[in-house]
Amino acid sequence: MNLTLLVLVPLVTAFAAILCKGIKQVRVVSLLGALVQLALGITLLIFYWKERGAGNTATMLFESNYSWFKPLNINYHVGVDGISIAMILLTSFVVVAGILVSWLIESPVRPVIRAGMGKEFFFLLLFLSVGAYGFFISLDLFTLFFFLEVSVIPKFLLIGIWGSGKKEYSAMKLALMLMAGSAFVLVGLLGLYFNTDTGNGSHTFDLVVISQMHISVDVQNLFFPFLFVGFGIFSALFPFHTWVPDGHSSAPTAASMFLAGISMKLGGYGCLRVATFLMPAAAVTYAWIIILLATIAIIYGAFATLMQKDLKYINAYSSISHCGFVLLGIGMLTQTAITGAIMQMVSHGLMTALFFAAIGMIYSRTHTRMVEQLGGLLKAMPFISTVFVVAGLCSLGLPGTSGFVAEMTVFIGSWQNTNTFYRIATIVACASILVTTVYILRAVGQAIMGPINSARYNNLADGTWNEKLAASVLIIGIMAIGVAPFWLHSLLAPGAKTIIEHVERSIAIQ
Amino acid sequence: MANDILALLKQELLLSVIIIVLLIIKIGADEWKSSNLLNFINLLLLINLLAGFVLNVEGSLFNGMFNTNRLIVLEKNILNLATLLISLQSFNWLKEHKHVIEFYALMLSTLLGMFFMISSGNLLMFYLGLELSTIPLAAMANFDLAKRRSSEAAFKFIISSAFSSGLLLFGISLMYGATGSLDFEIIRQQLNGSSIQLFAFILLLSGFAFKISVVPFHLWTADVYEGSPVAVTSYLSVVSKAAIFFVFVPVLYTVFKSLADSWYWMLFLLSILTMVVGNLFAIRQNNLKRLLAFSSISQVGFILVGISGNSQAGSASVIYFLIIYTLSNLAAFGVVSFISSLTGKESIDDYKGLYKTNPLLSWVLAIALFSLAGIPPTAGFFGKFFLLMAGASRGNYELIVIAAVNMVVALYYYLRVIKAIFMESNEHPIEKLKISPLPGLAMLLCVAGIIITGFIGWIYDYIFSLSTRF
Numbered sequence: 003m004n005l006t007l008l009v010l011v012p013l014v015t016a017f018a019a020i021l022c023k024g025i026k027q028v029r030v031v032s033l034l035g036a037l038v039q040l041a042l043g044i045t046l047l048i049f050y051w052k053e054r055g056a057g058n059t060a061t062m063l064f065e066s067n068y069s070w071f072k073p074l075n076i077n078y079h080v081g082v083d084g085i086s087i088a089m090i091l092l093t094s095f096v097v098v099a100g101i102l103v104s105w106l107i108e109s110p111v112r113p114v115i116r117a118g119m120g121k122e123f124f125f126l127l128l129f130l131s132v133g134a135y136g137f138f139i140s141l142d143l144f145t146l147f148f149f150l151e152v153s154v155i156p157k158f159l160l161i162g163i164w165g166s167g168k169k170e171y172s173a174m175k176l177a178l179m180l181m182a183g184s185a186f187v188l189v190g191l192l193g194l195y196f197n198t199d200t201g202n203g204s205h206t207f208d209l210v211v212i213s214q215m216h217i218s219v220d221v222q223n224l225f226f227p228f229l230f231v232g233f234g235i236f237s238a239l240f241p242f243h244t245w246v247p248d249g250h251s252s253a254p255t256a257a258s259m260f261l262a263g264i265s266m267k268l269g270g271y272g273c274l275r276v277a278t279f280l281m282p283a284a285a286v287t288y289a290w291i292i293i294l295l296a297t298i299a300i301i302y303g304a305f306a307t308l309m310q311k312d313l314k315y316i317n318a319y320s321s322i323s324h325c326g327f328v329l330l331g332i333g334m335l336t337q338t339a340i341t342g343a344i345m346q347m348v349s350h351g352l353m354t355a356l357f358f359a360a361i362g363m364i365y366s367r368t369h370t371r372m373v374e375q376l377g378g379l380l381k382a383m384p385f386i387s388t389v390f391v392v393a394g395l396c397s398l399g400l401p402g403t404s405g406f407v408a409e410m411t412v413f414i415g416s417w418q419n420t421n422t423f424y425r426i427a428t429i430v431a432c433a434s435i436l437v438t439t440v441y442i443l444r445a446v447g448q449a450i451m452g453p454i455n456s457a458r459y460n461n462l463a464d465g466t467w468n469e470k471l472a473a474s475v476l477i478i479g480i481m482a483i484g485v486a487p488f489w490l491h492s493l494l495a496p497g498a499k500t501i502i503e504h505v506e507r508s509i510a511i512q
Numbered sequence: 080m081a082n083d084i085l086a087l088l089k090q091e092l093l094l095s096v097i098i099i100v101l102l103i104i105k106i107g108a109d110e111w112k113s114s115n116l117l118n119f120i121n122l123l124l125l126i127n128l129l130a131g132f133v134l135n136v137e138g139s140l141f142n143g144m145f146n147t148n149r150l151i152v153l154e155k156n157i158l159n160l161a162t163l164l165i166s167l168q169s170f171n172w173l174k175e176h177k178h179v180i181e182f183y184a185l186m187l188s189t190l191l192g193m194f195f196m197i198s199s200g201n202l203l204m205f206y207l208g209l210e211l212s213t214i215p216l217a218a219m220a221n222f223d224l225a226k227r228r229s230s231e232a233a234f235k236f237i238i239s240s241a242f243s244s245g246l247l248l249f250g251i252s253l254m255y256g257a258t259g260s261l262d263f264e265i266i267r268q269q270l271n272g273s274s275i276q277l278f279a280f281i282l283l284l285s286g287f288a289f290k291i292s293v294v295p296f297h298l299w300t301a302d303v304y305e306g307s308p309v310a311v312t313s314y315l316s317v318v319s320k321a322a323i324f325f326v327f328v329p330v331l332y333t334v335f336k337s338l339a340d341s342w343y344w345m346l347f348l349l350s351i352l353t354m355v356v357g358n359l360f361a362i363r364q365n366n367l368k369r370l371l372a373f374s375s376i377s378q379v380g381f382i383l384v385g386i387s388g389n390s391q392a393g394s395a396s397v398i399y400f401l402i403i404y405t406l407s408n409l410a411a412f413g414v415v416s417f418i419s420s421l422t423g424k425e426s427i428d429d430y431k432g433l434y435k436t437n438p439l440l441s442w443v444l445a446i447a448l449f450s451l452a453g454i455p456p457t458a459g460f461f462g463k464f465f466l467l468m469a470g471a472s473r474g475n476y477e478l479i480v481i482a483a484v485n486m487v488v489a490l491y492y493y494l495r496v497i498k499a500i501f502m503e504s505n506e507h508p509i510e511k512l513k514i515s516p517l518p519g520l521a522m523l524l525c526v527a528g529i530i531i532t533g534f535i536g537w538i539y540d541y542i543f544s545l546s547t548r549f
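Same order as they appear, the protein sequences are chains E and V. Using the numbering used here, the letters of the first sequence map in sequence onto residues 3 to 512. Using the numbering used here, the letters of the second sequence map in sequence onto residues 80 to 549.
This is chain E alone, in the form it adopts within the complex (with noise of 0.2 Å):
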């Protein structure tokens, strides 16, 4: 199968809807565009499926390599494992649930979002998808940073163009602040870059070359941080994740959607497919700073959300507090705990979008997304209020949805260090489920459940058809996760097993 149509298709599609004309004809060609992504990310699925059935054990499968510059040796290397799979299917679900949401965008009824500009916002929603697939399936770090910070430009001007509240401000914010991210990568990949050697003086940028070098540890002490920092942003990583909040709940509903459920998976895969995965023994040396930072941001994410009032805030605060338990995973550095942060990448990126979309359709008719001001909604909007029940149970990690088996698979994975220090991290982090689950259930409770809180609520409208699709389309991911976990743990445990032999040789060679 080639990779590179997964890059192609919503560049194509991307462009098609600007030479569209008429909002009808955009959002259409748009639809269709995520679709033949869902389904090539499903046939990739089955092939590697069927790859690996046949006895291929090759770490990458499907790969291409085309030299782009050569006398840098760069080259346009792409290849997935199961890891680089599950992201590309997470994301071919959150953007068809993205396009479907923002079907009514310039419907006079229920304006959404500024009118007229229709055709740039679903153009600039593909291009972001491109950046997230091209990041994905890259196996050449030149062509990996290429594709994170072709992501970050869509989401400024989304967020500034048709976010609401202090939406300038914010899309500044995320924007420079995902910038000084990637700038630490850039500083970290070049000194990477430098530090390899491939026999004949020159060096290299592949993924795969690097994993089988042997890096000094000097240089991997000294370039790890700007690595893993640098992705960190991205994945709103402890102190830096200040971009997520304000960013999170000025965006317009699709943009969020995109932002928690894609753009900051960006940054967790990029922490354990670079930063661990190229530098393990920097990985060991830094474990406890990266899982004191991650504990501090759960625990610190779940008590800010309990002080929030606004229904975005709350998502947006709590994914900070969630995307603590993927760096988290990442630092225990166990085959479990790893597989744990690839489940809970999938699981947050699942549900947050949901919650999001949820979120998105209660503020468009109420008109408010402050919790004391909504009320007694399940009456009026049955089907959007179930949905957001199933969101926010999927948060707090209830057995039978995805959010369940990916955290427990991150504790147990974590309580295999029989380290002191690792274990009280653990058990900080377990306890930082209860507050999760008050704040949850505080917010359905006061706005989905009890009586209602004006009359105008009464005679809302439920879901709309493509509302309704897009909601089934991610609590479909949801379920077949939470119900059948064993798919995804055989899909992501070669890989995680790859980097952690990487690290244990790593750790004898010292």
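No lab work stands behind these hints, which were simulated from the structure alone. The reader is advised that the hints may include incorrect statements.
[What the hints assert, rightly or not] For lysine-lysine, the following DSSO-like pairs were computed, each having C-alpha atoms within a straight-line distance of at most 27 Å:
| # | chain 1 | residue 1 | chain 2 | residue 2 |
| --- | --- | --- | --- | --- |
| 1 | V | 112 | V | 174 |
| 2 | E | 168 | V | 435 |
| 3 | V | 177 | E | 121 |
| 4 | V | 177 | V | 226 |
| 5 | V | 235 | V | 112 |
| 6 | E | 121 | V | 513 |
| 7 | V | 112 | V | 513 |
| 8 | E | 26 | V | 435 |
| 9 | E | 470 | E | 121 |
| 10 | E | 23 | V | 511 |
| 11 | E | 175 | V | 435 |
| 12 | E | 23 | V | 435 |
| 13 | V | 513 | E | 23 |
| 14 | V | 177 | V | 513 |
| 15 | V | 424 | V | 435 |
| 16 | V | 511 | E | 121 |
| 17 | E | 121 | E | 26 |
[Unchecked claim] Quick look at which bits of chain V chain E covers, simulated, 3 or more residues with Cβ under 8 Å:
| # | region |
| --- | --- |
| 18 | 445–457 |
| 19 | 464–473 |
| 20 | 476–487 |
| 21 | 496–507 |
| 22 | 533–542 |
[To be verified] Cβ-Cβ distance ranges computed for the label pairs, FRET-style:
| # | chain 1 | residue 1 | chain 2 | residue 2 | range |
| --- | --- | --- | --- | --- | --- |
| 23 | V | 336 | E | 45 | 53 to 59 Å |
| 24 | V | 352 | E | 478 | 41 to 47 Å |
| 25 | V | 336 | E | 167 | 55 to 61 Å |
Don't be surprised by glycine CBs; every beta carbon is placed ideally from N, CA and C.
Got chain E; can you put chain V on it based on the hints?
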């Protein structure tokens, strides 16, 4: 011998012929319609550009005073292209102007000077070319004849260039005293790092630094850029700057190679200063021309980072970046010049809500600014990345960290413009402008270049293969 001269001096001779043709036309210029005249001149420039790609030979003339090789031809072609683009862009402005022919005669004379400068193999030839490329520029800066700011800009420009030429001359004469020759090759052999030679080198470096507006020699830049007509501003910021770099890099890398340890630290300091000061001042600007002026100062800082790498990759990345910088800066100046020539509006506040009335112009400006900021998928990303990569090859990561931080700061002021265009609204937005064909063509070429250049790997490969002599 005569054939040699014709072949080697092909580009210079062609340019001289065009200048003479223009002067002849001037005699009967009143009979031409100004738009026809402009079309004719643009055609000449196009021929001039295309001729640069055929029948190229390598060699040297006049006892090594004049050299040419494929890299130099490429550099001259870049300058030709930039000149053509600027000429296309300033169509609207020149159409109303009474002295079109004089403008082109001056501009092409400076271009001729730059060609000689790039080809020079001798400090005397270099100085001659430099002066030929500087003095007419002052007249060009004054070309908004009725505007006082324009004269002010010209005056500032002529004084500061005279000063920098003075420094250069002082450096050249000291160098002559210390090495006994003006020839690059002999100077290279005679260099031994004695303090007089070092002093001469510092004077030469300061002279260069003036011309490419390196902090702390940048003070003239913003005022001159703001006061001059936009066409001249873009010419100053793109063509004349690129020309100086084209000669600066090989002189540093070959002639002063033995002083590399000294000039590395000078470049290190200058590049940090230039990036930081350029960025900090750009943040505060409200006039787009001034903003672009300071942003081009900070771009020079990035180029210095690339130069400090001192290798084949360093030279290649600088030339590659300059191509991209030319296209991006010209696209940005193209939009600014177009809007300014029709409405006279130049401040960021005026650009608020531009997207509603002029979506195409807005996208052109946005793509240009993204490219200047180094955001993919525009070519600026590749240019910046390779510059920093060349710089990092020496292992001086502290410089790379500072440069990377400066990229973030730079993004802020570029995004401020984007924010005004796309996100804010204005009670009196710039009305809907009809894009006239020639400026539109120039913008199209620039944007196409910005988008395509990065993806075609062989452009870099080609430049890299030409830079083997370093």
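task = Count the residues of the region 533–542 of chain V whose CB lies closer than 8 Å to any CB of chain E, then report whether that count reaches three.
result = With 3 residues in contact (Cβ-Cβ under 8 Å with chain E), the coverage given for the region 533–542 of chain V holds.
inquiry  = Given the hinted pair residue 112/V and residue 513/V, is their Cα-Cα distance within 27 Å?
reply    = holds, 22 Å
ask   = Holds or violated: are the alpha carbons of residue 121/E and residue 513/V at most 27 Å from each other?
value = holds, 22 Å
message = Hinted pair, alpha-carbon criterion (27 Å max): residue 112/V, residue 174/V. Please report holds or violated.
response = Given that 27 Å is the threshold and the Cα spacing comes to 9 Å, the pair holds.
Restraint check for residue 177/V with residue 513/V, where alpha carbons must lie at most 27 Å apart = holds, 23 Å
task = Verify the proposed pairing of residue 168/E with residue 435/V, using a straight-line Cα cut of 27 Å.
result = Within the cut-off at roughly 21 Å; holds.
message = Tell me if the straight-line CA distance from residue 235/V to residue 112/V falls inside 27 Å.
response = violated, 34 Å
query = Keeping to a limit of 27 Å between CA atoms, is the pair of residue 23/E and residue 511/V held or broken?
reply = Measuring from Cα to Cα gives roughly 21 Å; hence the hint holds.
message = Against the 27 Å threshold, does the CA-CA distance of residue 23/E and residue 435/V hold or violate the hint?
response = holds, 17 Å
inquiry  = Is 55 to 61 Å respected by the C-beta to C-beta distance linking residue 336/V and residue 167/E?
reply    = Once the Cβ atoms are compared, 58 Å apart, the range 55 to 61 Å for residue 167/E and residue 336/V holds.
query = Would the pair residue 26/E and residue 435/V pass a check requiring their Cα atoms to be no farther apart than 27 Å?
reply = holds, 21 Å
inquiry  = Verify the CB-CB distance for residue 352/V and residue 478/E against the hinted window 41 to 47 Å.
reply    = Distance hint for residue 352/V, residue 478/E is violated at roughly 58 Å.
In this structure, the earlier hints numbered 3, 5, 24 are contradicted, and the remaining ones agree with it.
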